[in-house]
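Undergrad: Listed here are the chains, written in short residue letters.
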Amino acid sequence: MANQQVVAADQAPVAARPADEQINLKKRIRPFEVLIQGFLFFSGAVSIITSIAIVVVLGKEALLFFSTPTWHELRDQNNSLVSLATDIETDATTLKIPAGTEVKIPLNGKIRLDNEMMRVTAFEGDTITVERGLEDSPQVAHKAGAIIEEEGDKVSVVEFLTGTKWQPHVGEFGVLALVSATLTISLIAMAVALPLGVGAAVYLSEYASESVRNKLKPILEVLAGVPTVVYGYFALTFVTPILQGLLGKETLGIYNMLSAGLVMGIMILPTVASMSEDALRAVPRALREAAFGLGSTKLETSTRIVLPAGISGIVAAFILGISRAVGETMIVAIAAGARPYFTFNPFEAAETMTGHIVRISTGDLSYGTIDYDSLFAIGLTLFLMTLVLNIVSRQVATWLREEYD
Amino acid sequence: MSATENSTNTVSQYSQYLPDDKQLQKNIARRNRQAIIWKYVFLFSIVLAMFSLFMLFFSIIRQAFTYVTIYDQVNPATLSDKPLENLSQQELGDVIENHYGAIRTGRNDIRTLVFNNVLGLSLSDQEKIADRERAKETVTVREVFEDKDKKYPAELADQSVIRLDVVGYAALIEQNFDQEQLYDFVIKNVVQPLIVNSWTLDEYFFSRDKVNQDIADTEARLREDKKDPTIELTEPKFHSWVQWHLITKTIDLSRPEDAGLRTAIIGSLWMITLTILIALPLGVGAAIYLEEYSSGGWLARIIQTNIDNLAGVPSIIYGILGLALFVRALEKITSGDIFGLGVGGNTATGRTILSASLTMGLLILPVIIINAQEAIRAVPDSLRQASYGLGATKWQTVWNHVLPNAMPGILTGTILAISRAFGETAVLVVVGSITRITVDPSGPFSRFTVLPLQIFALITQPQAQFRNVAAAGILLLLTILLSLNAVAVILRSRFSKRAV
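Read top to bottom, the protein sequences are chains A and B. Residue numbers for the first sequence follow my numbering, so the first one is 308 and each next one is one higher. Residue numbers for the second sequence follow my numbering, so the first one is 23 and each next one is one higher.
There may be inaccurate statements among the hints.
DSS-like, lysine-lysine: derived pairs with alpha carbons at most 25 Å apart [claimed, not checked]:
1. A:Lys605 x B:Lys44
2. A:Lys367 x A:Lys333
3. A:Lys411 x A:Lys367
4. B:Lys210 x B:Lys173
5. A:Lys450 x A:Lys403
6. B:Lys416 x A:Lys334
7. B:Lys158 x B:Lys210
8. A:Lys450 x A:Lys472
9. B:Lys249 x A:Lys367
10. B:Lys150 x B:Lys210
11. B:Lys210 x B:Lys232
12. B:Lys48 x A:Lys605
13. B:Lys248 x B:Lys259
14. B:Lys210 x B:Lys104
15. A:Lys524 x B:Lys232
16. B:Lys416 x A:Lys333
17. A:Lys522 x B:Lys48
18. B:Lys48 x B:Lys61
19. B:Lys271 x B:Lys259
20. B:Lys248 x B:Lys232
21. B:Lys271 x B:Lys210
22. B:Lys170 x B:Lys158
23. A:Lys556 x B:Lys232
24. A:Lys605 x A:Lys556
25. B:Lys259 x B:Lys104
26. B:Lys172 x B:Lys232
27. B:Lys173 x A:Lys605
In case anyone wonders, no lab produced these hints; they're calculated from the structure. This structure is a prediction, so every number in the text was calculated from the model and none was measured.
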């Protein structure tokens with residue numbers, strides 16, 4: 308009865324339709340659906356836009372860094388700063404420097420006082436004749452004692468990549484001073500994270516029962532979820548004092564790469580452990596059974612059969628771990644020291660690339676300064692290093708992967 | 023019988039190749055021993071990881087609850103002949119009268135204290151009084167105090183409430199506080215105790231020599247600084263740095279015991295809210311596009327590779343991107359200038375909450391996308407087919423069937439992403455949040471600081487006691503993050519149960 312009614316209700320509109328009007332089964336254009344699809348596509352495209360933006364921003368500003376001349380403080384032969392000896396008026400064209408100062412200033416070279424640029428037209432004894440207000444820089448009066456800066460050369464890419472001193476204020480831009488610390492700390496970190504991570508992975512995938520595994524893994528995840536600033540605090544206030552107690556305060560300062568590296572290793576450990584464990588668990592059970600069948604012990608099965616079979620994942624985890632270590636920031640900013648210094652000695656304090664970026668951006672960084680530009684050059688170096696490591700990690704995983712089917 | 027003979031024959035036939043029985047047993051025992059030793063070596067790695075985690079928490083808790091010594095900036099003995107706690111109301115009032123004026127100005131000015139502590143006036147009420155006074159109108163003590171139902175001495179009734187002298191204000195305080203409140207007031211605002219040393223519990227109980235040495239050093243230093251050879255520190259006493267004022271007060275970089283993190287907490291909440299508003303729709307949208315709309319062509323493959331690569335970019339690179347793109351290039355928008363909402367004038371910069379949230383949004387986008395993709399992929403295809411079969415359009419299918427089913431997974435991913443954003447520090451240093459800020463952010467165009475960054479600033483302070491404040495801040499941060507993670511874990515377990 309009820310059924311019939313429904314049928315009747317369904318038929319009614321069809322019956323009311325004029326006979327000549329066919330039901331249009333063609334795909335209709337629905338504006339709302341098109342709009343939605345447009346938004347969804349845009350969301351997907353954001354990731355591409357981000358990548359392009361990263362490359363463009365880093366590339367463009369780094370190019371600026373390599374193409375603008377650097378400024379450094381003018382120094383005499385005793386390497387002390389040269390400053391203005393007397394006040395100068397807004398439109399004066401001669402400057403006095405302290406009498407008896409021996410200093411080289413090239414003719415037609417540019418010098419800078421505060422923010423005003425000047426061209427040197429003559430230089431005799433302690434008097435410099437200049438052309439004021441170059442390149443629309445504000446022409447103002449200067450007080451005695453103002454530091455004179457001199458225009459230096461551009462930073463060449465080769466100098467940047469091979470120099471071992473990073474002292475922007477005397478025009479030294481050798482990124483190796485920062486890279487050395489980054490590499491040292493990353494290697495210490497991996498020396499901690501790799502054996503422990505792989506050991507933990509073997510235990511979790513080969514030895515632990517399902518219930519133990521389910522209890523241990525969340526704890527490892529907590530370790531991965533702790534903010535890096537907390538690890539930095541841990542390194543500075545806990546690990547460093549302990550290491551100082553072991554090695555003596557003369558060997559190890561408050562800031563050192565060893566403690567930063569060790570703590571960073573602990574931070575990366577969960578990543579390495581969880582990636583390696585995934586790789587080991589992906590090894591087919593049949594391989595293990597075969598090994599046991601031939602009389603292998605659990606250790607022999609794990610180290611001679613399962614580990615070689617899962618090596619692709621472990622190598623990938625290793626490389627990804629380095630990439631994480633290279634990009635890690637707060638631990639090194641807090642615990643590794645604030646002085647760019649070319650060294651591979653873990654007991655020394657030295658500043659990494661990321662640590663340097665953090666230090667120069669603390670406070671308001673003004674645009675157009677050499678610090679601002681150098682930020683992008685360092686950033687580009689860092690980006691390329693991690694990008695290469697990430698790509699290699701993925702490639703290695705593919706090359707070494709053994710297919711068991 | 024014959025079978026046994028047969029097998030014995032076979033064994034004897036090959037026995038020359040096998041190690042003899044004893045040797046075999048020995049071999050096996052050795053291999054088993056090795057296996058057991060290594061089992062514990064592997065277990066040791068895990069235990070060491072757990073131990074580090076434990077030490078991490080221990081090191082923070084250790085710094086958050088310490089023993090401290092206190093230096094009274096004004097010696098209570100110089101204030102009165104009797105111990106302060108035995109003074110009468112009248113005498114305490116005299117102490118305030120005689121010793122307050124020369125001591126403090128600024129935000130601890132006695133008038134502000136009267137307005138805040140005695141009258142409980144809000145900032146806007148105080149502003150109103152100040153405005154009326156600027157307009158040459160006299161706001162009398164009678165008017166304000168009767169309005170709040172407080173007592174006041176008759177001789178002050180017709181005087182201006184903001185132009186009294188210290189004696190007048192002291193009288194007002196004395197009239198309205200009982201002895202206990204007055205005593206607290208005197209201690210806090212006249213004696214002004216300052217924490218000068220702190221030791222962790224283990225230091226305090228196990229290395230007394232160091233503690234005594236520290237006390238002697240500090241006393242010597244203070245005596246020299248203040249040129250007062252009678253200065254003495256109080257006995258060490260227990261002090262918890264985790265206190266309520268941590269979330270109610272703003273940062274004070276001169277007094278560690280009063281430093282609060284309110285500005286940073288509000289900044290964090292603003293930043294996270296905006297970040298979610300930006301990243302969630304974009305992230306889920308991208309995941310839907312990749313899983314439901316794209317047909318796996320080259321474009322989708324490029325996007326997918328891109329997302330995987332972006333997930334591996336160090337966060338500080340995002341900070342640099344944010345600095346160049348949002349803070350500098352889009353300064354007009356991110357400072358609020360274009361909407362007429364910014365701070366205005368020359369002070370307007372792009373270093374605002376909006377810039378930070380946009381940058382942070384890009385940073386957590388890959389995490390959200392990857393998790394949402396997995397959740398969407400796990401929705402059974404039969405649901406989609408059924409929906410299409412009933413004549414639903416693609417979007418209707420996605421909106422009504424795919425998304426609701428994928429929601430727990432998406433939420434889990436989002437919460438994990440949020441907890442990452444909450445703890446992220448490096449990005450915000452570069453994007454340029456400031457640490458010495460005491461004004462609460464009021465909107466997307468305010469300058470701001472966030473909790474982890476404030477902790478970073480505290481760690482880098484030279485005065486050691488700020489590390490204790492930092493430890494308390496870290497406990498707060500970890501509590502928030504662990505609760506977030508717990509919610510994610512619960513959601514995930516519910517989700518996996520339902521799927522089965």
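Undergrad: Does B:Lys61 sit within 25 Å of B:Lys48, going by the straight-line distance between their CA atoms?
TA: 20 Å, holds
Undergrad: Please work out if B:Lys48 and A:Lys605 have their alpha carbons no farther apart than 25 Å.
TA: 17 Å, holds
Undergrad: Within a Cα-Cα threshold of 25 Å, do A:Lys524 and B:Lys232 meet the stated pairing?
TA: 41 Å, violated
Undergrad: For a C-alpha distance cap of 25 Å, please report whether A:Lys605 and B:Lys44 respect it.
TA: 22 Å, holds
Undergrad: Does the alpha-carbon distance linking A:Lys367 and A:Lys333 stay inside the 25 Å limit?
TA: 50 Å, violated
Undergrad: Mind checking the alpha carbons of B:Lys210 and B:Lys173 for me, to see if they're no more than 25 Å apart?
TA: Holds, because 23 Å separates the two Cα atoms, which is no more than 25 Å.
Undergrad: Is the straight-line distance between the alpha-carbon of B:Lys259 and that of B:Lys104 25 Å or less?
TA: With a Cα-Cα distance of about 24 Å, the restraint between B:Lys259 and B:Lys104 holds, given a limit of 25 Å.
Undergrad: Given the hint that B:Lys249 pairs with A:Lys367, test it: the Cα-Cα distance must not exceed 25 Å.
TA: 59 Å, violated
Undergrad: So if I understand the rule, the pair passes when the alpha-carbon distance is 25 Å or less; does B:Lys416 with A:Lys333 pass?
TA: 16 Å, holds
Undergrad: Mind checking the alpha carbons of B:Lys248 and B:Lys259 for me, to see if they're no more than 25 Å apart?
TA: 24 Å, holds
Undergrad: Would the pair B:Lys416 and A:Lys334 pass a check requiring their Cα atoms to be no farther apart than 25 Å?
TA: Holds - the C-alpha atoms of A:Lys334 and B:Lys416 are around 12 Å apart, at most 25 Å.
Undergrad: Do the alpha carbons of B:Lys150 and B:Lys210 lie within 25 Å of each other, as the hint requires?
TA: 28 Å, violated
Going through the hint list in order, the structure does not satisfy hints 2, 3, 7, 8, 9, 10, 11, 15, 17, 24, 26 and 27.
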